[in-house]
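2 protein chains.
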Amino acid sequence: MSLLAIDFGGTRTRAAWYDATLHQIKRDEIPSRVEDGQEKTLGRIIDLARSVVPSDAKPAAIGVAAPGPLDPRKGIISHAETLPGWKDVPLADTLCQAFDGTPTWIENDANLAALAEYHLGAGKGADPTLYLTISTGIGGGAVIGGRLFTGGSGLAIEPGHMRFMLPDGKIYRLEELASGTALGFWGRHRLTNSDQPSILRQAISVNGKTVGEAAKQGDPLALDVVQQAGIWLGIGIANLLHLFNPQAVVLGGSVTHLGDLLLTPLKQTLQENLLDPAFYHDGLIRYAALGEDVCLTGAALYAAQSLTAL
Amino acid sequence: MSLLAIDFGGTRTRAAWYDATLHQIKRDEIPSRVEDGQEKTLGRIIDLARSVVPSDAKPAAIGVAAPGPLDPRKGIISHAETLPGWKDVPLADTLCQAFDGTPTWIENDANLAALAEYHLGAGKGADPTLYLTISTGIGGGAVIGGRLFTGGSGLAIEPGHMRFMLPDGKIYRLEELASGTALGFWGRHRLTNSDQPSILRQAISVNGKTVGEAAKQGDPLALDVVQQAGIWLGIGIANLLHLFNPQAVVLGGSVTHLGDLLLTPLKQTLQENLLDPAFYHDGLIRYAALGEDVCLTGAALYAAQSLTAL
Chain Z
944 MSLLAIDFGG TRTRAAWYDA TLHQIKRDEI PSRVEDGQEK TLGRIIDLAR SVVPSDAKPA
1004 AIGVAAPGPL DPRKGIISHA ETLPGWKDVP LADTLCQAFD GTPTWIENDA NLAALAEYHL
1064 GAGKGADPTL YLTISTGIGG GAVIGGRLFT GGSGLAIEPG HMRFMLPDGK IYRLEELASG
1124 TALGFWGRHR LTNSDQPSIL RQAISVNGKT VGEAAKQGDP LALDVVQQAG IWLGIGIANL
1184 LHLFNPQAVV LGGSVTHLGD LLLTPLKQTL QENLLDPAFY HDGLIRYAAL GEDVCLTGAA
1244 LYAAQSLTAL
Chain Y
944 MSLLAIDFGG TRTRAAWYDA TLHQIKRDEI PSRVEDGQEK TLGRIIDLAR SVVPSDAKPA
1004 AIGVAAPGPL DPRKGIISHA ETLPGWKDVP LADTLCQAFD GTPTWIENDA NLAALAEYHL
1064 GAGKGADPTL YLTISTGIGG GAVIGGRLFT GGSGLAIEPG HMRFMLPDGK IYRLEELASG
1124 TALGFWGRHR LTNSDQPSIL RQAISVNGKT VGEAAKQGDP LALDVVQQAG IWLGIGIANL
1184 LHLFNPQAVV LGGSVTHLGD LLLTPLKQTL QENLLDPAFY HDGLIRYAAL GEDVCLTGAA
1244 LYAAQSLTAL
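Chains as they are written, first to last, in our numbering: chain Z, 944 to 1253; chain Y, 944 to 1253.
It is possible that part of the hints are untrue.
[What the hints assert, rightly or not] Keeping only pairs whose Cα atoms sit at most 30 Å apart, straight-line, the calculated DSS-like set for lysine-lysine is:
#, chain 1, residue 1, chain 2, residue 2
1, Z, K1067, Y, K1017
2, Y, K1017, Z, K1159
3, Z, K1113, Y, K1017
4, Z, K1113, Z, K1067
[Unchecked claim] Ranges between beta-carbon positions, derived for each pair:
#, chain 1, residue 1, chain 2, residue 2, range
5, Z, Q1214, Y, G986, 55 to 65 Å
6, Y, I1147, Z, H1132, 27 to 37 Å
7, Y, D1138, Z, H1132, 43 to 53 Å
8, Z, G1161, Y, G1161, 53 to 63 Å
9, Z, S1148, Y, M1108, 27 to 37 Å
10, Y, G986, Z, D1219, 24 to 34 Å
11, Z, D1219, Y, S998, 51 to 61 Å
12, Z, D1036, Y, D1036, 38 to 48 Å
13, Y, D971, Z, Y1223, 37 to 47 Å
14, Z, D962, Y, D1043, 55 to 65 Å
15, Y, P1140, Z, Y1230, 54 to 64 Å
16, Z, D1036, Y, G1226, 51 to 61 Å
17, Y, G1202, Z, K1113, 48 to 58 Å
18, Z, Q967, Y, G1202, 49 to 59 Å
FYI, nobody ran anything at the bench for these hints, they're computed from the structure.
Ideal Cβ placement from N, Cα and C applies to all residues, glycine included.
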């Protein structure tokens, strides 16, 4: 039983061929260039997928990671911030037909990353495992009892959409407070609204990447911005602990490369905001173990699980 | 198969005898008077429990609802705000021994209420069902796939312990913003910090009950306090929807008697704070259907489920 996995993102699309033991046999990737429109983009996805399938082979199942919100039961991308103009696109059906009726499942990319980290990565044996990807936005997934938990209609879990109020009285999403995009926003906000010295005042562009780099160099303003993001993540994860009582919270995504600059305020805030110390244990907060192919691996796993459950 | 159910609370203790079809056959209750100490209180619980068991009968199993946090696997009340001085009390073992080795399970009272509302009340057929009890504090439970979801070590779910920041920059628990206790606190706070006219300025005591009654009479200050609690519940439930994507959110507890005064701002805030309208549907937010014996019913159900799973 060989499996075809596709990771379709707003920026890049990856495809890989997996054997029955979930070893990756062949892999390729292309820029998604979704601005060319749906038809061309879908054609490129199919071409890429075909290129990783051995000439004499047919996949037993296809698993696809895609940006949410999507409807995994109907195999439809409802709409996604990273895919402007894409509305109710039947991605699963399109791929199923392109591969002669091969059963095809699509799922939210962060959900599939959670599944992969639980079975093969940092969450092994930890029930429940929560996974957060902190990057341009904040996505997430939950694995309960070894299965992906996606709620009553497949929309769970969206930890980046937890709402918080700031002292200005306005309500913000967690991803507006602690993602890479948020680091850039609050960096620029602080440059404009304070006289704090910073090397960022000479920067051509102030974004999540440059704020992170400045923080690593010890820039006080950038350090404050990163620390504040860590505090918000700590509050957000405290809420997740009170609701899921997980055995592991796996953190992935580019922002986690800030390491202890982010993790120290995160853990301190977390421990200060628990009903009971039993909600926390050493090793609860872990870095993701699988690399950039985490969603491909998750897609292959999910296709295998879904095929077995038929 | 007959079942003995006990609901041990900080104020009252109830016990009831159920037949195999979960019909209540006999029921009684007493004040808990926990201030008399553990030994006397436990003795009274046992006497009450014995009084509802028919003279020729022996329970097949015992289910106990108790205040959390508790350890359902060890059958221990770890500690509870409503039980000062109670620490690591082996409640399940004590009852098991008092009833000649009858298998006994204890669970958090709000979790058992969730289980009862899912199987017999307002959450019937809704998967997942979330239950919130909004009373002195805010407790809750989740039923996923027909089973109680309690996380990795039995501590989930505690929605009253979600953390939020107020414009004063301090962090509050949801139950400090929207419980009956919170209505009293913020009522007194507003009386002290504003000149707003209010019938509460003549009240002997300003607490959740009197603020609620003043709001029902149209008192503007009390209405503002209730509305603000509704807004916070709306934000809290928005977070729950993004994390659990439930099919039903069942609201119980004395504060829900405020009806639309609370529910209107709650629903409005909720709908303003969703990633996608698909997270919400008519009938999602429901009032609890079972009355004051909801925890007894849940305890009987849980004992029957646990016995079957042995």
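To see whether the hints hold, each was checked on the structure:
1. Z/K1067 x Y/K1017: 25 Å, holds
2. Y/K1017 x Z/K1159: 46 Å, violated
3. Z/K1113 x Y/K1017: Outside the cut-off at roughly 44 Å; violated.
4. Z/K1113 x Z/K1067: Violated, because 39 Å separates the two Cα atoms, which is more than 30 Å.
5. Z/Q1214 x Y/G986: 55 to 65 Å: 39 Å, violated
6. Y/I1147 x Z/H1132: 27 to 37 Å: 48 Å, violated
7. Y/D1138 x Z/H1132: 43 to 53 Å: 35 Å, violated
8. Z/G1161 x Y/G1161: 53 to 63 Å: 59 Å, holds
9. Z/S1148 x Y/M1108: 27 to 37 Å: For Z/S1148 and Y/M1108 the Cβ distance comes to about 30 Å; the hint holds.
10. Y/G986 x Z/D1219: 24 to 34 Å: 28 Å, holds
11. Z/D1219 x Y/S998: 51 to 61 Å: Given a distance of about 42 Å, which is not inside 51 to 61 Å, the answer is violated.
12. Z/D1036 x Y/D1036: 38 to 48 Å: 57 Å, violated
13. Y/D971 x Z/Y1223: 37 to 47 Å: 41 Å, holds
14. Z/D962 x Y/D1043: 55 to 65 Å: Taking Cβ atoms as reference, Z/D962 and Y/D1043 lie about 58 Å apart, which means the hint holds.
15. Y/P1140 x Z/Y1230: 54 to 64 Å: 57 Å, holds
16. Z/D1036 x Y/G1226: 51 to 61 Å: Once the Cβ atoms are compared, 31 Å apart, the range 51 to 61 Å for Y/G1226 and Z/D1036 is violated.
17. Y/G1202 x Z/K1113: 48 to 58 Å: 29 Å, violated
18. Z/Q967 x Y/G1202: 49 to 59 Å: The hint (49 to 59 Å, Cβ to Cβ) holds, given that Z/Q967 and Y/G1202 are roughly 57 Å apart.
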